[in-house]
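For reference, the chains in residue letters:
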Amino acid sequence: MIEILSSAALSTVQDQGRDGYLRYGVGTSGAMDRIALTVANLLLGNSSDAAAIEIPIFPFRVRFLEDTAFALTGADCLATLDERSILPWWTVQAKKGQVLRLGSPAVGARCYLALAGGVDTPMVLGSRSTQLRGEFGGFQGRNLRKGDVIGAIGPHAAQAKLSDAGMPEFGVEPPNFFLTSPSPVPPGDAEATVVRVLPAGEYDCYEAASLEAFWREDWKVTPDSDRYGYRLAGPTLNSRSAIEKRSHGIVPGVIQVPHRGQPIIQLRDAQPSGGYPKIGTVIEADLWRIGQTRIGSRLRFVKTSYEDALSALAENERYLDKVANLVALYRSSLLTT
Amino acid sequence: MEINEIRQIVSWLDEVDIYSIELTRAGTILRVKMSNEAGPFAHRSACANHDLPEAQAVASDGAVTVTAASVGVFLRVHPYRASPLVSEGDAVQKGDIVGLLRVAQLLLPVYAPQGGLIASVMVADGAAVGFGTPLMALKRSISNDSETGGQRNGN
Numbered sequence: 001m002i003e004i005l006s007s008a009a010l011s012t013v014q015d016q017g018r019d020g021y022l023r024y025g026v027g028t029s030g031a032m033d034r035i036a037l038t039v040a041n042l043l044l045g046n047s048s049d050a051a052a053i054e055i056p057i058f059p060f061r062v063r064f065l066e067d068t069a070f071a072l073t074g075a076d077c078l079a080t081l082d083e084r085s086i087l088p089w090w091t092v093q094a095k096k097g098q099v100l101r102l103g104s105p106a107v108g109a110r111c112y113l114a115l116a117g118g119v120d121t122p123m124v125l126g127s128r129s130t131q132l133r134g135e136f137g138g139f140q141g142r143n144l145r146k147g148d149v150i151g152a153i154g155p156h157a158a159q160a161k162l163s164d165a166g167m168p169e170f171g172v173e174p175p176n177f178f179l180t181s182p183s184p185v186p187p188g189d190a191e192a193t194v195v196r197v198l199p200a201g202e203y204d205c206y207e208a209a210s211l212e213a214f215w216r217e218d219w220k221v222t223p224d225s226d227r228y229g230y231r232l233a234g235p236t237l238n239s240r241s242a243i244e245k246r247s248h249g250i251v252p253g254v255i256q257v258p259h260r261g262q263p264i265i266q267l268r269d270a271q272p273s274g275g276y277p278k279i280g281t282v283i284e285a286d287l288w289r290i291g292q293t294r295i296g297s298r299l300r301f302v303k304t305s306y307e308d309a310l311s312a313l314a315e316n317e318r319y320l321d322k323v324a325n326l327v328a329l330y331r332s333s334l335l336t337t
Numbered sequence: 001m002e003i004n005e006i007r008q009i010v011s012w013l014d015e016v017d018i019y020s021i022e023l024t025r026a027g028t029i030l031r032v033k034m035s036n037e038a039g040p041f042a043h044r045s046a047c048a049n050h051d052l053p054e055a056q057a058v059a060s061d062g063a064v065t066v067t068a069a070s071v072g073v074f075l076r077v078h079p080y081r082a083s084p085l086v087s088e089g090d091a092v093q094k095g096d097i098v099g100l101l102r103v104a105q106l107l108l109p110v111y112a113p114q115g116g117l118i119a120s121v122m123v124a125d126g127a128a129v130g131f132g133t134p135l136m137a138l139k140r141s142i143s144n145d146s147e148t149g150g151q152r153n154g155n
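Read top to bottom, the protein sequences are chains U and H. Heads up: the first sequence is residues 1 to 337, going by this note's numbering. Heads up: the second sequence is residues 1 to 155, going by this note's numbering.
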């Protein structure tokens, strides 16, 4: 069990998401950076559907109310456990009473705090993710607040055995060093997050100059960006004629263009339908990069193909498979010595 | 473990550029260190025992050498960070993380075996190391006794 010590604005319990209910009007929710969440669970030996706490606002503090192994992934928040500094993408055992502090991130935007066994919130429609719009799932269907006490499912048998043997402290290399970052043409701001985009339904309805600008320019992430969507600022995108669409199904990653010509990337908490024209879709394999892009920073779009989008997803899987195998080998080697 | 098995392992190690290995089986630990000196099987020590390896060698003046507990790539700097975990002259407490060993995508901590000052860092950031490779020299500081150094998990 842990107690939230800071007014933890916008921190939520998330797992891999509530897939399969878009047709009933229920959005997916789930972690903005699924790779970070997956690795946090791997480090602890948790099951892949375990939930963790997604933290987008810092500083953030929690107190451990019992001895608990935990893992931190995602943004590097220069964490400390009492006085001791904790490296990013790392797992370690906390003792009862210790306080974990997360500072403003040096790298990334969202930090994931996973607990041994996973955060214990009820499964609703097959997921522990917080559905903010519907006010269900996660911790009472809402953002976490100061004073909330969050339970962990606790270690299963193999984890408990390792914990008795002295929980190992170790980490993994973050995915940035394994996955190839797409390169924009022309090369832009080196600090910009680059994501691959598939042209979507109404792509061909835009003026040639707008399409050229879409790929060429940096897009600023405005303060009006959150788990629902990122509103971007940049050159105005003009369609060749007015586009009128009926409301239709959309998925996380869809880039809509409202009438004022400034795009919105719909994300994990987006409504499952919308009527704005769609110029493109950020590929699933790159959504984690958006989850780690801060307000005020810049985004670049690189055109890709359906085949390349699938191979990017396969590359993510290769990284996660490698990490899963290495962590399993390492954890089992500690049990046999 | 049969002597023929050990011979086979040594001949394999002879063919590749591995400085030392440690194999653990139920009840047995085999540690093989290859000499860099010329000549087949010159000054090679292979010992099988039932003790866990010492993580450091203690010199007469109380200085200790921090050695690699695994084959890997020695990192002084975490991949996300700009500055090294420790530099020469830094005071450390027992159990502080002074470096990392990268084994494929895993990052394993290198701990300070006692409190003291980092006297020297003996291996470059990013260098491949074998089991037992000396990484750093630690000397005892006057004000910081190893027995009363900080606990691994803070306090």
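Take these hints with a grain of salt, some might be off.
Going by beta-carbon spacing under 8 angstroms, a handful of chain H positions derived as facing chain U [to be verified]:
1. 79
2. 80
3. 107
No farther apart than 30 angstroms at their CA atoms in a straight line, the calculated lysine-lysine pairs in the DSS-like style are these [said to hold, decoys possible]:
4. 303/U x 322/U
5. 96/U x 94/H
6. 33/H x 139/H
7. 95/U x 33/H
8. 303/U x 245/U
9. 139/H x 94/H
Non-contacting residues of chain U with respect to chain H, defined by C-beta distances greater than 12 angstroms in every case (computed) [stated by the list, open to error]:
10. 6
11. 57
12. 174
Since the hints were made in silico from the structure, they are not lab data. Glycine included, every Cβ here is placed at the ideal spot set by N, Cα and C.
For each hint, the structure was consulted:
no. : hint          : verdict
1   : 79            : 6 angstroms, holds
2   : 80            : 4 angstroms, holds
3   : 107           : 4 angstroms, holds
4   : 303/U x 322/U : 28 angstroms, holds
5   : 96/U x 94/H   : 21 angstroms, holds
6   : 33/H x 139/H  : 26 angstroms, holds
7   : 95/U x 33/H   : 39 angstroms, violated
8   : 303/U x 245/U : 24 angstroms, holds
9   : 139/H x 94/H  : 12 angstroms, holds
10  : 6             : 19 angstroms, holds
11  : 57            : 20 angstroms, holds
12  : 174           : 6 angstroms, violated
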